[in-house]
Amino acid sequence: GAGVSQSPRYKVAKRGQDVALRCDPISGHVSLFWYQQALGQGPEFLTYFQNEAQLDKSGLPSDRFFAERPEGSVSTLKIQRTQQEDSAVYLCASSPGRVVGVYEQYFGPGTRLTVT
Amino acid sequence: SQQGEEDPQALSIQEGENATMNCSYKTSINNLQWYRQNSGRGLVHLILIRSNEREKHSGRLRVTLDTSKKSSSLLITASRAADTASYFCATDHDYKLSFGAGTTVTVRA
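Chains as they are written, first to last, in the working numbering: chain A, 29 to 144; chain B, 7 to 115.
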């Protein structure tokens with residue numbers, strides 16, 4: 029079956045531009061996560077949705093980062109006024125259950141953002 | 007901030023050999039998971055071990071968990087070229103996964 033998909037796969041933005049990254053989770057998955065992965069590091073948690081509710085956004089690095097999941101399926105991570113330090117791979121993951129940790133997370137291929 | 011730390015940072019082995027990597031973490035956990043990441047398939051879940059389990063097997067993978075030492079190990083037996091990847095441990099507390107920086111494994115033919 030279809031896994032988690034993300035688009036675009038690669039994005040080059042000039043500093044100061046706004047970008048929008050899309051995530052299509054596995055159909056029916058309740059939980060959705062965004063992670064940021066810097067080069068040579070493990071993924072770092074950004075935000076968590078349960079259906080359409082954003083239950084945790086404590087990992088978002090600044091108020092330039094905004095995520096939404098208005099209908100409880102597709103999610104968009106938006107970064108305003110991009111900075112060079114935003115360059116990273118942005119990973120989306122989904123999980124079938126409400127109690128995460130009992131379930132594995134299924135990751136998408138990621139969007140590699142390069143800010144020049 | 008990343009809770010888990012993998013050791014070693016990098017590992018190079020001959021095909022057919024076993025590969026062992028370790029993970030240490032700082033706070034109490036519900037479960038610990040191991041993931042693999044390579045350029046071809048992205049980040050893939052390998053195995054989950056619950057905090058009340060000590061050892062778990064899945065195919066050529068063996069995971070141990072010692073909650074008293076806050077550590078886990080991943081053993082890959084009879085390695086293959088396709089096992090070349092970065093391996094991450096991830097601890098969860100509530101719903102968040104905290105990943106380490108990973109161990110990069112290279113399997114030489």
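In case anyone wonders, no lab produced these hints; they're calculated from the structure.
Computed from a predicted model, the values in this text were never measured in an experiment.
Note that beta-carbon positions come from the ideal geometry of N, C-alpha and C, so glycine has one too.
Treat the hints with caution; some may be incorrect.
What follows is a list of derived Cβ distance ranges for each label pair [what the hints assert, rightly or not]: (1) Ser33(A) <-> Asn44(B): 14 to 24 Å; (2) Leu81(B) <-> Gln45(A): 41 to 51 Å; (3) Arg109(A) <-> Glu23(B): 42 to 52 Å; (4) Ala16(B) <-> Arg140(A): 17 to 27 Å; (5) Thr104(A) <-> Ala16(B): 32 to 42 Å; (6) Asn24(B) <-> Glu96(A): 13 to 23 Å; (7) Glu113(A) <-> Ser45(B): 39 to 49 Å; (8) Gly65(B) <-> Thr144(A): 24 to 34 Å; (9) Ser55(A) <-> Leu67(B): 35 to 45 Å; (10) Asp72(B) <-> Gly56(A): 29 to 39 Å; (11) Arg43(A) <-> Ala87(B): 34 to 44 Å; (12) Gln69(A) <-> Arg114(B): 34 to 44 Å; (13) Val50(B) <-> Ala48(A): 25 to 35 Å.
Below, a sample of chain B positions facing chain A; criterion: calculated Cβ distance under 8 Å [as the list claims (entries may be wrong)]: (14) Gln39; (15) Leu54; (16) Leu103; (17) Ala107; (18) Gly108.
Taking the hints in turn, this is what the structure says about them:
Range check, Ser33(A) to Asn44(B): Cβ separation about 18 Å, and the 14 to 24 Å hint holds. Distance hint check for Leu81(B) and Gln45(A): the Cβ-Cβ separation is about 46 Å, which falls inside the suggested range of 41 to 51 Å. Hint check: Arg109(A) to Glu23(B), Cβ distance near 49 Å, so the stated range 42 to 52 Å holds. A beta carbon spacing of about 22 Å between Ala16(B) and Arg140(A) agrees with the range 17 to 27 Å that was offered as a hint.
One distance hint, 32 to 42 Å for the beta-carbon pair Thr104(A) and Ala16(B), holds here, with the actual separation near 36 Å. Checked against the given bound of 13 to 23 Å, the beta carbons of Asn24(B) and Glu96(A), roughly 46 Å apart, lie outside it. Judged by the Cβ atoms, the range 39 to 49 Å given for Glu113(A) and Ser45(B) is violated: they are separated by roughly 23 Å. Between Gly65(B) and Thr144(A) the beta carbon distance is about 43 Å. The supplied range of 24 to 34 Å is therefore violated.
At about 28 Å, the beta-carbon gap between Ser55(A) and Leu67(B) misses the expected band of 35 to 45 Å. Between Asp72(B) and Gly56(A), the C-beta spacing of about 36 Å keeps the proposed range 29 to 39 Å intact. The hint said 34 to 44 Å for the Cβ distance between Arg43(A) and Ala87(B), and at roughly 40 Å that hint holds. Between Gln69(A) and Arg114(B) the C-beta distance comes to about 25 Å, which lies outside the given range of 34 to 44 Å.
Remark: the range hint 25 to 35 Å for Val50(B) to Ala48(A) is upheld by a beta-carbon distance near 26 Å. Taking 8 Å as the C-beta cut-off, the interface hint given for Gln39(B) holds, the closest approach to chain A being about 6 Å. This hint holds: Leu54(B) has a C-beta 6 Å from the nearest C-beta of chain A, less than the 8 Å allowed. Checking Leu103(B) against chain A by beta carbon gives a least distance of about 6 Å; that is within 8 Å, so the hint holds.
Satisfaction of the interface hint for Ala107(B) is found here, the shortest Cβ-Cβ separation to chain A being roughly 5 Å, below the 8 Å cut-off. The beta carbon of Gly108(B) is positioned within 8 Å of a beta carbon in chain A (closest approach about 5 Å), and the interface hint is therefore held.
In this structure, the hints that do not hold are numbers 6, 7, 8, 9, 12, in rising order.
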